[in-house]
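Taken in order, these protein sequences are the chains called A and B. Here UniProt numbering is used: the first sequence runs in plain steps of one and ends on residue 300. Here UniProt numbering is used: the second sequence runs in plain steps of one and ends on residue 300.
Calculated directly from the structure, the hints in this document are not laboratory data. Hints should not be assumed to be uniformly reliable.
Any copy will do: because identical chains look the same in the list, a pair fits if it lies in one copy or spans two.
[Unchecked claim] List time: in silico DMTMM-like cross-link candidates among lysine to aspartate or glutamate, alpha-carbon distance up to 20 Å:
hint: 1; residue 1: Lys245; residue 2: Asp235
hint: 2; residue 1: Lys173; residue 2: Asp235
hint: 3; residue 1: Lys173; residue 2: Glu34
hint: 4; residue 1: Lys245; residue 2: Asp227
hint: 5; residue 1: Lys173; residue 2: Glu247
hint: 6; residue 1: Lys251; residue 2: Glu113
hint: 7; residue 1: Lys51; residue 2: Asp25
hint: 8; residue 1: Lys245; residue 2: Asp231
hint: 9; residue 1: Lys251; residue 2: Asp112
hint: 10; residue 1: Lys251; residue 2: Asp97
hint: 11; residue 1: Lys251; residue 2: Glu261
hint: 12; residue 1: Lys251; residue 2: Glu40
hint: 13; residue 1: Lys245; residue 2: Glu21
hint: 14; residue 1: Lys251; residue 2: Glu177
2 protein chains.
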Amino acid sequence: MTFSEREPFETWCERRRALVEHFLDQILPAAEAEPQRLHEAMRYAVLGGGKRIRPLLVFASGEGFDAPIETLLPVAAAVELIHVYSLVHDDLPAMDDDALRHGRPTVHVAFDEATALLTGDALQTLAFQLLATPLPGLSPDRQLGLLRGLARAAGSHGMAGGQALDLAATGRKIPLEALQTLHRCKTGALIRYAVLAGAYCDDPESRAYAALERGANALGLLFQITDDILDATADSATLGKTAGKDERHAKATYVTLLGLEGAIEAAQRTLEETLGALEPVGARAERLRELARFVANRRR
Amino acid sequence: MTFSEREPFETWCERRRALVEHFLDQILPAAEAEPQRLHEAMRYAVLGGGKRIRPLLVFASGEGFDAPIETLLPVAAAVELIHVYSLVHDDLPAMDDDALRHGRPTVHVAFDEATALLTGDALQTLAFQLLATPLPGLSPDRQLGLLRGLARAAGSHGMAGGQALDLAATGRKIPLEALQTLHRCKTGALIRYAVLAGAYCDDPESRAYAALERGANALGLLFQITDDILDATADSATLGKTAGKDERHAKATYVTLLGLEGAIEAAQRTLEETLGALEPVGARAERLRELARFVANRRR
Numbered sequence: 001m002t003f004s005e006r007e008p009f010e011t012w013c014e015r016r017r018a019l020v021e022h023f024l025d026q027i028l029p030a031a032e033a034e035p036q037r038l039h040e041a042m043r044y045a046v047l048g049g050g051k052r053i054r055p056l057l058v059f060a061s062g063e064g065f066d067a068p069i070e071t072l073l074p075v076a077a078a079v080e081l082i083h084v085y086s087l088v089h090d091d092l093p094a095m096d097d098d099a100l101r102h103g104r105p106t107v108h109v110a111f112d113e114a115t116a117l118l119t120g121d122a123l124q125t126l127a128f129q130l131l132a133t134p135l136p137g138l139s140p141d142r143q144l145g146l147l148r149g150l151a152r153a154a155g156s157h158g159m160a161g162g163q164a165l166d167l168a169a170t171g172r173k174i175p176l177e178a179l180q181t182l183h184r185c186k187t188g189a190l191i192r193y194a195v196l197a198g199a200y201c202d203d204p205e206s207r208a209y210a211a212l213e214r215g216a217n218a219l220g221l222l223f224q225i226t227d228d229i230l231d232a233t234a235d236s237a238t239l240g241k242t243a244g245k246d247e248r249h250a251k252a253t254y255v256t257l258l259g260l261e262g263a264i265e266a267a268q269r270t271l272e273e274t275l276g277a278l279e280p281v282g283a284r285a286e287r288l289r290e291l292a293r294f295v296a297n298r299r300r
Numbered sequence: 001m002t003f004s005e006r007e008p009f010e011t012w013c014e015r016r017r018a019l020v021e022h023f024l025d026q027i028l029p030a031a032e033a034e035p036q037r038l039h040e041a042m043r044y045a046v047l048g049g050g051k052r053i054r055p056l057l058v059f060a061s062g063e064g065f066d067a068p069i070e071t072l073l074p075v076a077a078a079v080e081l082i083h084v085y086s087l088v089h090d091d092l093p094a095m096d097d098d099a100l101r102h103g104r105p106t107v108h109v110a111f112d113e114a115t116a117l118l119t120g121d122a123l124q125t126l127a128f129q130l131l132a133t134p135l136p137g138l139s140p141d142r143q144l145g146l147l148r149g150l151a152r153a154a155g156s157h158g159m160a161g162g163q164a165l166d167l168a169a170t171g172r173k174i175p176l177e178a179l180q181t182l183h184r185c186k187t188g189a190l191i192r193y194a195v196l197a198g199a200y201c202d203d204p205e206s207r208a209y210a211a212l213e214r215g216a217n218a219l220g221l222l223f224q225i226t227d228d229i230l231d232a233t234a235d236s237a238t239l240g241k242t243a244g245k246d247e248r249h250a251k252a253t254y255v256t257l258l259g260l261e262g263a264i265e266a267a268q269r270t271l272e273e274t275l276g277a278l279e280p281v282g283a284r285a286e287r288l289r290e291l292a293r294f295v296a297n298r299r300r
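Chain A on its own, in the form it takes in the complex (with noise of 0.2 Å):
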C-alpha cells in the first residue's frame, strides 16, 4: 500500500477511514456465527458510525514516522474497538443512560442490556486479541509494549478510571484542575496512546517523542473541549447523539466552568498550545496539526 504524501487533508481523512472500516469489517465475528445475537451487536456498535478521530491519530502520527500502513492499521482498529466498547457501556442505563449514538438507537435499545453489556466486553477483548496477533515490522517485544500502552490507556488510571472520576463528579462542583484530571484520563489517555502509538511503531526512542507526548496530552484537552462546546451548541440531529446532556445530568464541564464564550477562548489556546507542542517534531507532525485543527473546528 503506498499513499502520496501530499493529498489532501480530506481525502487522506476518507481513505483512512475506509480503510479502517473495512478493517474492523474484516476482523469482527461474522452475523451469522453463533452466538448471532452477540455477533450482531457488536458489528452494529462498531461498524457505520463515528468519525474515527482515534484511528485518524494513529495514521498521522505513524505516517508521519514512516511506519508501514499495515503495521498501523490493527494499531488504528484496536484503539477504535476499545473506544466503541467504552461508548456501550457508558450509554447504558446505570451509567449515562443514553438512547441515541451515531443517529442510530444506542446497543442497549437496538438489543437489550444484558447483550450490550456482554457487547463491551467482547470489543474490549477483541482489541486485545487483535494487537496480540503478529503486526508487520514490528518485533514481538515492541508489540507487547504497544499492548501494555493500550492497557494503561484504558484501565482504571486511564479512561475507566476517568469514566469513574466522571460519576464522582456528577452533580457536584469541582474545580477546573478536578475537571482536567478527569479528562485527562477519561478521553485523554486514549488520545494520547492513540499518538504515541503510531509514532512507536517506527521509533519509540526518537528525539521527537517527548514533543509528540506534549502535543498529544494538548490535543486531548482540545477534544473534550470542544466536545463539552458542541454539547452545549449543537443539535441531537447534527451530533448523532443526545445534545445538551450534559446541562440536564448536572455534570461538570468547561462550558458550566467557564462560561461559553470561555470555553470558546480555552478551545482557540489549547489549539496554540498544541500546535506549539508539535514545533520541535517539524514536517512529520503536519498531519497531525491537520487534524488538530480539525478537532477544534469540528462541527460534531
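Based on these hints, arrange chain B on the given structure of chain A.
Same frame as chain A, but now just chain B:
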C-alpha cells in the same frame, strides 16, 4: 522459589492460593489511589474470596512441565482477573441479578451498578496489562501467544459468547448437545486455557499437549456438571452464593436435563474421561489428576 514435588495436595493448594492472593494484592491498584471508589471495588471483587480453581490449574499443569513459579504466577493471576471480571458483570441486574458472592454482597450491591460495570471493565484490562508485562523465562513471541490464547478464551467465541448463549437458552428447553456447546464456551474455554497456558510456559510443541487439551476439555465439562449439581443440592451458606437459582431462572442445566441422579453419573463418567485423557501425559499430570478429583468431589 522452590517447592517440594512431594507436598500433599492440600498443602500444595494452600501454598499456591496464598501466592496468588499475595500477587493479586500487589498488582491491584491501592485503595487509596484515585479513583478510590473504583479501586476499592476492584480490590473487593478480587481479594478475599474464591476457590482460585483456575490459578491452581495453571500451576498444576505448568509445574508438571517444569515451568518456573515466577512465570506461572502472572499467568495464573491474569486468568483469575478475567474470571472475576466475568462474575462481577454476570451478577449485575441486567444479567443474573445476584446479591451474594463468596458469602458477601456482590459488587453492585456493596457499591453501585455503575461502579460494578467499570470494575469488571478495568479488571479485564488489568488482566491483559499483566500478561503484556515481560515474563521471566518466556520469549516475547511466546508471550504474545499466551495473550492471544487468553483473549480467545475470554471473547465472543469463548467465555463472553457462552454467556450470550446462556442468556438465549434461559427459560427455553435446549438439547444436551446445545448445553455442552454453551458450557464449552462459558466455563470451559477459560478452564481449558488455564490448563494449556501452564504447559505452554514450558513447551507448546510437546507431545503431551494434545492429551492435555483433551483432558482440559473434559475437566471443563466436569467443573460445570458439579456446579449444576451443587446449585441444586447445596445451600447458599455453604456455596457462598445464591443456591437454587438455576431452577428459579429456568436455566437449562445438567440437573434439569438429566435429573440429579443422571447428573451425578455424568460427573463420575466425566471424571473418568478426564483421567483417561491425561493418561499419556504420565507423571507430569499428577497434580492435574488430583485437581480433577478435587473438582469432582467439591462441596462448594
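We went through each hint and held it up to the structure:
{"no.": "1", "hint": "Lys245 to Asp235", "result": "within (11 Å within a copy, 46 Å between copies)"}
{"no.": "2", "hint": "Lys173 to Asp235", "result": "neither (25 Å within a copy, 47 Å between copies)"}
{"no.": "3", "hint": "Lys173 to Glu34", "result": "between (47 Å within a copy, 18 Å between copies)"}
{"no.": "4", "hint": "Lys245 to Asp227", "result": "within (12 Å within a copy, 45 Å between copies)"}
{"no.": "5", "hint": "Lys173 to Glu247", "result": "within (12 Å within a copy, 48 Å between copies)"}
{"no.": "6", "hint": "Lys251 to Glu113", "result": "between (24 Å within a copy, 19 Å between copies)"}
{"no.": "7", "hint": "Lys51 to Asp25", "result": "within (16 Å within a copy, 40 Å between copies)"}
{"no.": "8", "hint": "Lys245 to Asp231", "result": "within (7 Å within a copy, 44 Å between copies)"}
{"no.": "9", "hint": "Lys251 to Asp112", "result": "between (26 Å within a copy, 19 Å between copies)"}
{"no.": "10", "hint": "Lys251 to Asp97", "result": "within (14 Å within a copy, 29 Å between copies)"}
{"no.": "11", "hint": "Lys251 to Glu261", "result": "within (18 Å within a copy, 57 Å between copies)"}
{"no.": "12", "hint": "Lys251 to Glu40", "result": "neither (33 Å within a copy, 24 Å between copies)"}
{"no.": "13", "hint": "Lys245 to Glu21", "result": "neither (29 Å within a copy, 42 Å between copies)"}
{"no.": "14", "hint": "Lys251 to Glu177", "result": "within (15 Å within a copy, 50 Å between copies)"}
Hint compliance for this structure: hints 2, 12, 13 are not met, and every other hint is.
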